[in-house]
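Start from chain A and add chain B according to the hints.
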Amino acid sequence: MRDEEAVNTQFWVIQTFNGVSYGALLFLVGSGLSLIFGVMRIVNLAHGSYFLLGGYVALSVIWTTGSWLLAIPVAASSIALVGLLMERFFLRPLGFDPLRQVLLTVGFAFLFQQAALDIWTGNNFNINPPDALTKSIVVGGIYFPLYRAFMIATALTIGLILWLVMEKTRMGAAVRATVDDAQMARGVGVDTSRISMFIFALGAFLAALGGVIGGAFLGIYPGLDFEILPLAFAVVIIGGMGSLGGAAIGALLVGLADNFGKALFPEISYFTLYAPMALILAVKPTGLFGRE
Amino acid sequence: MASQQTKIMAVVAVLAALAIVIPNTNSFVILLATRALAFSILVMSLDILLGFTGLPSLGQAAYLGVGAYLTAILATKFQFGLGYDFWVVVVLGILAGAALAAIFGLLAIRASGVYFLMITLALGQCVWGLAYRWNSLTGGDNGINLRTRPKFGIDLAHDVTFFYLVFGFFVVSLLAMYVLVRSPFGRSLAGIRERELRMKILGYNTWLHKYIAFVIAGGFGGLSGVLWAHTAGIVSPENVVLTTSVDALLMAVLGGAGTLVGGVIGAFIVFGLREYLSTLVPWWQYVLGGVYVATILYLPGGVMGIPERIRQWRAVSGRAERQ
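Protein sequences, first through last, are from chains A and B. Just so we're aligned, residue 1 is where the first sequence starts under the working numbering, counting upward by one. Just so we're aligned, residue 1 is where the second sequence starts under the working numbering, counting upward by one.
Bound conformation, chain B alone:
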């Protein structure tokens, strides 16, 4: 069992490598990595619910959507958030995501398991319906194009500069969520995931714990939306549709639920397959679907669970040899 310290060192090393290697590649890879990082924040926030609290949400794209639409509407209709006021938009995006989660959480938290999945799906569809149909505000099916990225001292239109900004937000989010899941609050969330009744009997207000986790996840979702809007340069119903929520869920499971960084690996694998492989072969979606199916059937712990699987397999074969 690798100690916690070695794991942290490994994550830091990978992050440092990313920060050094990515800017020296071509613009295609830089943009791909930026997208994956921005989306990773959403996937990690979902992992707080799925992996650490045991709440499988199927409507997480709604929070990304709120942050993204807020950014796009402020930028195109009010020319707001394109200078130093970008930081105000960041705060507003987080607050909007958290506020939406605060409303949705009131409805959703009572349910658990598959019912939680269904109700978050319904809530996510509400947001999608508004994005898709409310033409005067959201541009309907066409979405909203953002013509420029913010400029404040540094010019974010420059892809490498923008990559570092998203990278910075990503690292801060990862750190914040890591602290959260390691805190006593995070420990009680794990307790709820394992056995909610016992936590209730011990005197924990489990509803409130789950609700707060839901709101925090919404806030990070909003942040990821703000970054996503400027990364993609367009915000459309595509960003809040059911399949985007499903993507986030599958990325978390693919990487390994309950590990935070697993979701990031999942995001990089999926974005890599989808955007890189699709330029090479027309049947890339078979690979993606196949990877999902194989992961769920044979690797319940996701990519992060591979070392554990190898150890188990070695232990079993070792015992077989001795006999």
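Chain A with its partners taken away, still in its complex shape:
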């Protein structure tokens, strides 16, 4: 009886830990998507591609230099550059036409897919973090993989930096103003075009960062782009579009729902994830914490 109870507690603790760490990863992907939507009203369907490409670039860096630590900034920055160019040369000229911009991002997602296939082949790869991070720590008889703790720490750090930039700097204030009312922001002299470029690059940076970090336990393979994309959307929708705090809560909820759904009722696990998302949208189109 006592044993059963112990196993039970262990199950809940481990699943919660896994859910939270998965949520940490989803925060990296979702926060960028949310900011892009908030500032530009664009549903970026190439966001999953940034995640996947980030992982691939990191692999190349690791293969050539052997340094995992170097792979993180290189991958994230190069994908940020891709995002920046895409925004400047393709999305910007369309002006304010969300549907065409959305369709354009899909066109790019297909192009990225093919490029990834050509450069990195169709094989499954794993990004191996340094040995120091692959150990486990034992707390109360339960093994916690150190890498998942690292993911949580990374997301917390990034979240904190983002929050500080958004709340405490002039740039952050301009971004928030653009999210609330782009026209008004332009009227008072905010350069929304530059803000858009900056946010798009930042979103790509965060997604690619997620790809490098998530590649260690999700793997890197063709098709991952469109698997991670709907999850990122779930984060954004639950959290509210354009809201950083919302994205954090959304990521946590989606991470936990995904983990417990798969563990408790595997046959309908995705349904239990997306049905609440649809319901939330139906009741409050701007998401739980989004501003009207």
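Honestly, the hints are just simulated from the structure, not real lab data. A couple of the hints might just be wrong.
As the list claims (entries may be wrong) - With a straight-line Cα cutoff of 25 angstroms, these simulated SDA-like cross-link-like pairs (lysine to any residue) come out:
hint, chain 1, residue 1, chain 2, residue 2
1, A, K284, B, L197
2, A, K284, B, Y115
3, B, K77, B, T148
4, B, K200, A, I268
5, A, K284, B, K77
6, A, K284, B, L107
7, B, K77, A, I268
8, A, K284, B, A99
9, A, K262, B, G139
10, A, K284, B, R110
11, A, K284, B, A102
12, A, K284, B, S136
13, A, K262, B, T148
14, A, K284, B, R195
15, A, K262, B, E238
16, A, K284, B, N135
17, B, K200, A, T286
18, A, K262, B, G143
19, A, K284, B, I103
20, A, K262, B, G113
21, A, K262, B, S136
22, A, K284, B, Y211
23, B, K200, A, L164
24, A, K284, B, G143
25, A, K284, B, V215
26, A, K135, A, I14
27, B, K77, A, P266
Chain B alone, transformed into the frame defined by chain A:
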């Protein structure tokens, strides 16, 4: 401006040519055309929403999926729908698509623009999640194989016979949707697309109009699913995944939204590129992606908008010459 009558004549001529030429080609082309026609019904139904009502749905594959899974499950688990009862399955497929749309519509219709896009995406993912995970019913990732096509007097296992059946369904669907968009109801949908507030003020129940359009589109989606199941011979989560919905949307835009036949052209271009070009060159997806990007950047009206673009360009250059 070509008159409506010439346009109809052109469409009829192209359809007649298709019906005569396709069966005389090889089996690869016949199957490709059958696939494109079956999928075209879905794309046209999406065009009713996107082009005629202004609702960009990103979850239209769900309705194809419901029709296809229904057909596959009835055929493999109950041996139903493989004889004359195929026609019952057709009706059931349409009803299932419409019923699903009736439920989803209640949630989705309130939203508009990008929010509509997001909510239909979420709803589509619900269906995908069930198809992917509900192993005992849907076969999970492997999907369901249909071993035989129906046989009732005529044997649909014969590819040309099956092509004519799908062609027949396609023509009837095209006609039905054409009548729909030309009807007073279709006109009010266009009014909603242009300016919903004005239609509301004029006393139209715009919610109900959009809802009915959504349900009708779902019904046609279900029909296209029934045909798709027997065309492909396999139904899998691939048919309801986000990228299939995206495909349908891009086909509609590629051909020209708000034209019905544009979606058919889009479907033929994409299926042609994907299945024919992929046998020739390994980098076919660059062509497909490039075509999408170029269309969206330079041809907002799609393929059907090309004549208009040429006229504009001529008018501009003509004026420049006179000056």
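Violations among the numbered hints:
Failing hints, ascending: 4, 5, 12, 13, 16, 20, 23, 24.
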